[in-house]
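Residue numbers (my numbering), protein chains in the order written: chain E, 255 to 580; chain A, 6 to 329; chain R, 16 to 305.
No lab work stands behind these hints: they were computed from the structure. Keep in mind that a hint or two might mislead.
Derived DSBU-like pairs: lysine-lysine, alpha-carbon spacing no greater than 35 Å straight-line [what the hints assert, rightly or not]:
1) A/Lys127 to E/Lys547
2) A/Lys269 to E/Lys456
3) A/Lys127 to A/Lys174
Spelled out, the chains give:
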Amino acid sequence: MSEILLEIKDLEVQYLTMDATIRAVNGLSLILNRGETLGVVGETGAGKTTLALSIMQLLPKKIGRIVGGCIEFAGQSLLNASAKAMRSVRGDEIAMIFQDPMTSLNPVMTIGDQIAEMIELHSTDKNKKEISVKVDELLEVVGIPATRKAEYPHQFSGGMRQRVVIAIALACNPTLLIADEPTTALDVTIQAQVLEMMEDLKTRLNTSMLLITHDLGVVAAMCDSVAVMYAGRIIEYGTVEQIFDSPRHPYTIGLLNAIPNLENKSHRLIPIEGLMPNPALLPIGCSFHPRCKKCMEICRRQNPINFDDAGHRVACHLYFSNTEDT
Amino acid sequence: MENIILELRNLKKYFPTPHGVLHAVDDISLSINRGQTLGLVGESGCGKSTIGRTILRLIEPTSGEIYFEGQNITDIPKSQFKSMRKHMQFIFQDPYSSINPRLTVSQSIAEPLIVNKLASSKSELNELVLHYMEMVGLDSRLASAYPHELDGGRRQRIGIARALSVEPKFIICDEPVSALDVSIQAQILNLVQDLQEQLNLTYIFVTHNLSVVKHISNEIAVMYLGQLVEKCQAEELFERPMHPYTRALLSAILLPSPKSRNKKREILRGEITSPINPTPGCRFAKRCNYATAACVGESYELRDMGGDHMTSCIRVISGELKWD
Amino acid sequence: MRMKGRTERAEGQFIEIWRRFKRNKAAVAGLVVFSFVVLMALSADLFFNYEEDVIRQNAMERFQPPSAEHLLGTDQYGRDMLARIVYGARMSLLISLSVTVMSTLPGLVVGFIAGYFGGKLDSILMRICDMFMAIPALLMAITIVAALGPSVTNLIIALSISGIPSTARFTRSMVLRLRGEEFVESARAVGTSDFRIMYRHIFPNIVSLTIVNATLSLGSMILASAGLSFIGLGVKPPAPEWGAMLSNARNYFTDHPSLLLIPGAAILITVLSVNLLGDGLRDALDPKTK
């Protein structure tokens, strides 16, 4: 039986702006096992980044608030953790890779210093020499020659910078790596390089990973299990095979149909009509119902609970009515 | 030959930079038939967007000729080029920055009609604006909305309506869906295809997304650092890619299917550089897994390998390198 | 038919801006205080007689403490302090508003031309601006006034000239940024002329920041005109001006500090209110803070 590393239950996060209360995450639950890679898929505004920031306790102060639910990491609640405890969790236990490698590095520090700083912050017992050795090691791991450590971020290309960001994230051997769209800003051939490296690291360091992306191809290539997010909830969860080979939620099916298929050329794509609901004015009932082709009467009234079939969970009324019928 | 709508001959665009001359577009020749879509694929910095902008003379070419319906349009003085822009239009990549935030939807769409004097009266203008809004699937009640009230997909529809409003024959689509979510992307791709059928439009579709380009194009041209490396029919490119770079690009596509995980990938070495003061020879050689000494030194041109399948790889042309 | 909704929308935008402005309490306070100062300056004639109350010296009533007759007391020549402050507001506002307009408009034009057309023209215009900016604005104003002779008109000319380069640079940087935006390229792609691009696409996008910038410079112009008058290069006595009043009160500071504190407070409150107003406007007009 695998061991639970991260457990989120009924998480609710809101942003309070002057105009409205934006319900970014609405009753989200998920479990990540040790050593596993979980893909969180969703489109813009689904609440993916909010989820990552909530785990890291890095929601924008005053505006972002966790109003319900709990986040447990390695058996400890992160929501009750003190600011000081959280600082040591961040980096030591959980590290995060952001989407844009251009802005997440300090332009006036050499990359070697930036990696060294991370090590210094979290392991005070190391002397200069040991830190320097560790920096070289890390650079080697992400495929950058250690001789380049005295260079500044602008001297590196996009893919190389993302490697530096990953090296910083790995500096303290985190148990969990949260990667928010790590390859979205990169070209395809560079993306292939970076993903191959991440895959390699995952097996070597046995790091668990939460991979947040909108790219279904990246998820299919990298993840063990997948959570599909829509309007701040997980609407479908399962193994990669379950999600891609037998998707159940109309949204997941719609997403997969909307991508141009390389294998068989169909003349027209099947888009999902309509738009992502405004998180300040979520529809009553299932939040996908206004766009759903299979919308039923109950969908307009009641938010569906999960239908669980051998670990493949889907939040959709369709499956409940089916079971009732048969 | 009657059928060729646009032809580029030895088109070059060089930019001076502090580090040397950047060969953004370096000796590109190609032609497009009426009613067809040519996909232009490549990674960032390969010059694919520069080609589009050069055709519309948003950037002046360094040398080479552009023929539109048989007429050399590189000779036309810039001041008289305006009339050509009625035949050729551009759809921009970023629906957030390509729409003036201070104009309402109807004002934005009315602009090209006003500056090209395509409406004789105010009421005709209003009618035309509503006509084009309907054509791109924008609800007429959005006429007085501002762009910031709309999502990316709707904004991109404004951009398309603007391009259509001058009744062009030819449109350059510069990554029109790469800033959009997949579900919206499909809506826009369908719209672009429907409009092509309705209006018999010709497209150059610039993108880095190979799945999209296969879906939409008849022919595909692959670019690397300012040069074409391969050009053929869309299906052919995916079935029989010839150039090692094309093969690496295709192998880097991640299919939304867990089965693709076991596919053996061709991982390239190194990163894309910018084509500043390039040395003669194959520009891809530095990253190529199949490069030999012969690849550096001489310049190579596209060669037809039969059935209009062109490639520039010297080792493929010479028959040294064969793919199974 | 639908397009008639446009005016409605434009109104909607103003309401929106006002709604955002209202949230900033400090800015609202700034607006109230500044409006009061403007109102005071406009209605000065209703309460005081310029010749009688502001100019005529009255040796019998020197250094009077506040009373029912003289709400703020009198100065060293027996003139009513309140009347002088009120007329001083008129002078300060006249100078600072004219200077703001006269430095913003030419600055806008120069910045627009330099930013939009670029190239040699841009280099020449910007080098000229650099030359002007190398000299501290106040020092240059002093030089100009010294050369032309102290008078209100010359003060306005001097301060306007010294304010043009910074507005030009500010405008140029905004135009330069917008010129690179895709929507400008998109306008060009559909055949829009340069002139139309400038007034239809670029200008509306910089107008709000220009207003904010002008408002904030209004405050510093009030200070600058007071400063120049303080050293005797602006408004000539006996005309009331806050800076000049401060200067004249220096000798009596120990015995009659109110002569110094009252004009000082007037300057402080007005400049502060203008700056708060400018800050509030910036937040309300900038769609990014939404």
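Against the structure, the hints:
no.: 1; hint: A/Lys127 to E/Lys547; result: 41 Å, violated
no.: 2; hint: A/Lys269 to E/Lys456; result: 19 Å, holds
no.: 3; hint: A/Lys127 to A/Lys174; result: 26 Å, holds
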